[in-house]
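**Q** We have chain B already, so just place chain F on it with the hints.
2 protein chains.
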Amino acid sequence: MATIKDIADRLGVSVSTVSKGLNGAKDISESVRQQVLDTAVEMGYKSKRRSKDHKKKLCLFIENMDFESVNQFGYEIILGFKQAAFKERYDITVLPVSSEFQKNESYDTYMLRNHYSGSFIVGFSLEDPWMSQFQDTKFPTVLLDNFVEINKNVAYIGTDSEEGIDMALDHLYKLGHRKIAFLDGSVNSMISDQRMSAYLKSMANHGLTIDPDMAVYGYFVADAAKYHVPGFIDKGATAILCGNDLIATGVIAECMTLGYRVPEDISVIGFDDLPVSQHLNPPLTTVRQDRLELGKCGYYILDNLMQHVSLSKNLLRPQLVLRESTAEAVEREVIKHEEEKDSVINQNVALYEQTSKKALIDSIQKGLKD
Amino acid sequence: MATIKDIADRLGVSVSTVSKGLNGAKDISESVRQQVLDTAVEMGYKSKRRSKDHKKKLCLFIENMDFESVNQFGYEIILGFKQAAFKERYDITVLPVSSEFQKNESYDTYMLRNHYSGSFIVGFSLEDPWMSQFQDTKFPTVLLDNFVEINKNVAYIGTDSEEGIDMALDHLYKLGHRKIAFLDGSVNSMISDQRMSAYLKSMANHGLTIDPDMAVYGYFVADAAKYHVPGFIDKGATAILCGNDLIATGVIAECMTLGYRVPEDISVIGFDDLPVSQHLNPPLTTVRQDRLELGKCGYYILDNLMQHVSLSKNLLRPQLVLRESTAEAVEREVIKHEEEKDSVINQNVALYEQTSKKALIDSIQKGLKD
Numbered sequence: 001m002a003t004i005k006d007i008a009d010r011l012g013v014s015v016s017t018v019s020k021g022l023n024g025a026k027d028i029s030e031s032v033r034q035q036v037l038d039t040a041v042e043m044g045y046k047s048k049r050r051s052k053d054h055k056k057k058l059c060l061f062i063e064n065m066d067f068e069s070v071n072q073f074g075y076e077i078i079l080g081f082k083q084a085a086f087k088e089r090y091d092i093t094v095l096p097v098s099s100e101f102q103k104n105e106s107y108d109t110y111m112l113r114n115h116y117s118g119s120f121i122v123g124f125s126l127e128d129p130w131m132s133q134f135q136d137t138k139f140p141t142v143l144l145d146n147f148v149e150i151n152k153n154v155a156y157i158g159t160d161s162e163e164g165i166d167m168a169l170d171h172l173y174k175l176g177h178r179k180i181a182f183l184d185g186s187v188n189s190m191i192s193d194q195r196m197s198a199y200l201k202s203m204a205n206h207g208l209t210i211d212p213d214m215a216v217y218g219y220f221v222a223d224a225a226k227y228h229v230p231g232f233i234d235k236g237a238t239a240i241l242c243g244n245d246l247i248a249t250g251v252i253a254e255c256m257t258l259g260y261r262v263p264e265d266i267s268v269i270g271f272d273d274l275p276v277s278q279h280l281n282p283p284l285t286t287v288r289q290d291r292l293e294l295g296k297c298g299y300y301i302l303d304n305l306m307q308h309v310s311l312s313k314n315l316l317r318p319q320l321v322l323r324e325s326t327a328e329a330v331e332r333e334v335i336k337h338e339e340e341k342d343s344v345i346n347q348n349v350a351l352y353e354q355t356s357k358k359a360l361i362d363s364i365q366k367g368l369k370d
Numbered sequence: 001m002a003t004i005k006d007i008a009d010r011l012g013v014s015v016s017t018v019s020k021g022l023n024g025a026k027d028i029s030e031s032v033r034q035q036v037l038d039t040a041v042e043m044g045y046k047s048k049r050r051s052k053d054h055k056k057k058l059c060l061f062i063e064n065m066d067f068e069s070v071n072q073f074g075y076e077i078i079l080g081f082k083q084a085a086f087k088e089r090y091d092i093t094v095l096p097v098s099s100e101f102q103k104n105e106s107y108d109t110y111m112l113r114n115h116y117s118g119s120f121i122v123g124f125s126l127e128d129p130w131m132s133q134f135q136d137t138k139f140p141t142v143l144l145d146n147f148v149e150i151n152k153n154v155a156y157i158g159t160d161s162e163e164g165i166d167m168a169l170d171h172l173y174k175l176g177h178r179k180i181a182f183l184d185g186s187v188n189s190m191i192s193d194q195r196m197s198a199y200l201k202s203m204a205n206h207g208l209t210i211d212p213d214m215a216v217y218g219y220f221v222a223d224a225a226k227y228h229v230p231g232f233i234d235k236g237a238t239a240i241l242c243g244n245d246l247i248a249t250g251v252i253a254e255c256m257t258l259g260y261r262v263p264e265d266i267s268v269i270g271f272d273d274l275p276v277s278q279h280l281n282p283p284l285t286t287v288r289q290d291r292l293e294l295g296k297c298g299y300y301i302l303d304n305l306m307q308h309v310s311l312s313k314n315l316l317r318p319q320l321v322l323r324e325s326t327a328e329a330v331e332r333e334v335i336k337h338e339e340e341k342d343s344v345i346n347q348n349v350a351l352y353e354q355t356s357k358k359a360l361i362d363s364i365q366k367g368l369k370d
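Chains B and F, in that order, give the protein sequences. Here the first sequence is numbered in my numbering, starting from 1 and rising by one per residue. Here the second sequence is numbered in my numbering, starting from 1 and rising by one per residue.
Hints are not guaranteed to be accurate.
Said to hold, decoys possible - Straight-line alpha carbon distances no greater than 25 Å define the calculated DMTMM-like cross-link-like pairs of lysine to aspartate or glutamate that follow:
| hint | chain 1 | residue 1 | chain 2 | residue 2 |
| --- | --- | --- | --- | --- |
| 1 | B | K313 | F | D213 |
| 2 | F | K82 | B | E88 |
| 3 | B | K174 | B | E331 |
| 4 | B | K313 | B | E331 |
| 5 | B | K174 | F | D303 |
| 6 | F | K313 | B | D290 |
| 7 | B | K46 | F | D136 |
Derived by calculation from the structure, the hints in this document are not laboratory data.
Pulled out of the complex, with its shape left as it was, chain B reads as follows:
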């Protein structure tokens, strides 16, 4: 591992200048300091400062996620992480970060400058600027619901979407539902892709026909329902599976606006089991993610990475929580609409490309023809 002397030699400055740069002393210029930090990161230097003052520091970076109140998704994740890390006497910083913040400084430089030993990354989308930097980071980093290939310093923790969606769909199937729509979350999210793949796979395993118009990406907000629920209903959907509980809230409201009762006419299932789910009308059947456990395991996995045990993918069991938004299927008349054939095919292709299956199918079909 690079030492302070190595950095000094590379830059042609004194060891004391490098030391000042790393420790934020005021008597060197900001530009020299930045050069010291950039070079230290490039050379893979890691601070040993914590061995002096016995303070071990971790950072939880959070973005795109509410966490202030107990009803919000991030609250228990942070709580669980803190509970597990405090036992090992870590100091935890919880830092909400914007896209702008990430553009201002590289991840490794930020970690080094602030003497963090590792971090937990929560709520990042595929478009967040630091996402590409995690591919090469030297710092132990656990990502909630995101995955980076090959880099041994980075691990992924999440809930098993495949099992969760399959449980939900199986529950609907056993209630007699055959036309089951899926309103997923945003496109630029790894878990949306996972849940879409899981839906396609589970539909296929249950022998059900997949209608691309009934498997769509929306956004992780309630409003997504307005654009898609009318189409699902026109096509005869008797049940709507949702990418999360917020979407389900919107779906229930939209069904009611259109004059359909939940669950008598249409069954609805959410994902997450936010505290609000049990207070909806009707109380929501949903796939529970145990957020306290997600936070705790975030720490356990980070602890393993800091000890050079490179766990890379770690999934928690989901749990299907049965409430009152699902009931036996009642078939409805399908309202027929004329549609452009081309447009349907284009949608299909886009859908399968998004779910990464198209390349596989093309290749297998090519193999079958050859």
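**A** What follows is chain F alone, placed relative to chain B:
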């Protein structure tokens, strides 16, 4: 949780009889004892005996895997598990179990009778009798390279086959190989299926045509090579990816028997990085599984299960170890064979059914037609 009193009430016997049955006292009949144990298991009774004598016991059950010498696959897995568990003062039993052994007594009864708190299951195939019992077990159980759905008491630990196979195939692709065969392990193994899926996916992602005759299941033994390597070579394969190092050993030998040099004519890659890999001629390029870490993580995950944290899938990073069995591709003339079209199609169907993709593809195609 059921108490000794509950069991006594159910059976209509005294508490002391139940206690004797659970603790293996000699002064009750074997049939009464078995009835006590069976009822205790059925009612989800868990022994609290360890709180008396302060001995915490775990069992590592091992099947179909050599582990006695440091060169064998299981050796470091057991070592890692013991190292991690000893720190927490657990007593570890390592117990080789046959299929017969599993048929003689149910898993939960065995665990209860021997006062184990949890177990690590290593080397089991899908056909092992206890595999179906893990779906309902009440005991914290970690499976190496096997997965059970829904049951919160059971978790899966392994190495990420998808990333490992993709690394290997990418390495071959960059060396110019386009006709890459895959000789997988046995059919009745979850990791064989994973690696086959990973191969198909990686081939597709690299834009390569999948030839079903070049993607076959063999057995996890060197002899599998004799049956398949001649066919791969006839079809023009310039590289052969193998389901493990033993298979690769056979593939190298078979190539030489047929008059082809490794790596000059044909590149070969293994999986596992057994100690013997570096002593082969040529030394084997392979995907490393860190078996010491697998063992340690087996304990960490079991510890989580025992604390009711239900991690379900946990994968370690693989590592591509470059040695001398891979080199730049040299195209060879393809020897043409006449083949029965029907037989090829049947093989295709069998292959895709095995890899669980066929149902998905059928369903998507059906959706496209509708």
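**Q** Take the hints in turn and mark each one as holding or not.
**A** Going down the list of hints, with the structure as the test:
no.: 1; hint: K313(B) x D213(F); in the structure: violated, 32 Å
no.: 2; hint: K82(F) x E88(B); in the structure: holds, 23 Å
no.: 3; hint: K174(B) x E331(B); in the structure: holds, 15 Å
no.: 4; hint: K313(B) x E331(B); in the structure: violated, 41 Å
no.: 5; hint: K174(B) x D303(F); in the structure: violated, 35 Å
no.: 6; hint: K313(F) x D290(B); in the structure: holds, 15 Å
no.: 7; hint: K46(B) x D136(F); in the structure: violated, 47 Å
Figure legend: structure checked against the earlier numbered hints; hints not met, in rising order: 1, 4, 5 and 7.
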